[in-house]
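A.B. asks: Sequence:
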Amino acid sequence: MTQHCVVIQNRVMAENIDSLNRSFYSGSDLDNGWIFSSASQLSTQSGSSELWYAVQPTTGSLNGLWMASTPEVPITYDGDYAYRGLNQDPRNFYNKAGKIIDAFKPQPGDIITASSGIFDNAIASNGYANSLADNWRLHAGATPLGTSVMSWRVLATTYISIGSGGIDNQRVTAYKLECLYN
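For the sequence shown, my numbering puts the final residue at 1273, and the numbers step up evenly by one.
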C-alpha cells in the first residue's frame, strides 16, 4: 500500500492569518505537503466557483506557492462511494483529484515536520529543499536556489508517531523544515 506524506504544522503564520489559508480544486491527486501555484482565476469547475484552481509550479512561478494541508481523515474510495474513518492511519490519506483541498501559503520562518513523501528525491546529506518546475514535491539539494524559489532548510531528521492501535513501534522518519523563501 502506498504511504502518503504526513505533515505537521509546528509553527506557521497561517494559524493566525486567515488570508494565508485557501481552498483549492485540483485535477490531480495530491498528498499533504505537496506544493502548487494558484491559477489567476477561480475554478471553473461546476459547483466550485468559490475555489481557486491548483496548478503545478512552472518556470517563473516557483515562489508564492501553496502547500496542501487538508485535515487527515483517511477516506476509502469504492467507485463513486467514499467511506470516512475505516482506517485511521494518516499515511493512507491523500487529496483525491476533483475534491476540495485545504492549503496554506508558507512564509519565511514557518516550521513544519513532514514525512519523506514531501521530497521527490533522497534527502541524504542535503540540507535544503526547493521547488522545481513541473514538480508537485520539494527537491532536496545542497543549497537554496535563491529568493525567487520556494526554499526550505532541513533543521533535523526526526520522526512522527503514528497511532495505529498496535503496541509495536509506529514511528515514521520525518524531517523538520524551516521555510526560507516563498
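Warning: the hint list may mix true and false statements.
[To be verified] With a straight-line Cα cutoff of 30 Å, these simulated DSS-like cross-link-like pairs (lysine-lysine) come out:
id: 1; residue 1: 1187; residue 2: 1267
id: 2; residue 1: 1190; residue 2: 1267
id: 3; residue 1: 1196; residue 2: 1267
Calculated directly from the structure, the hints in this document are not laboratory data.
A.B. asks: Does each hint hold? Answer for all of them.
C.D. replies: Outcome of the hint check:
1. 1187 with 1267: holds, 26 Å
2. 1190 with 1267: holds, 28 Å
3. 1196 with 1267: Holds - the C-alpha atoms of residue 1267 and residue 1196 are around 17 Å apart, at most 30 Å.
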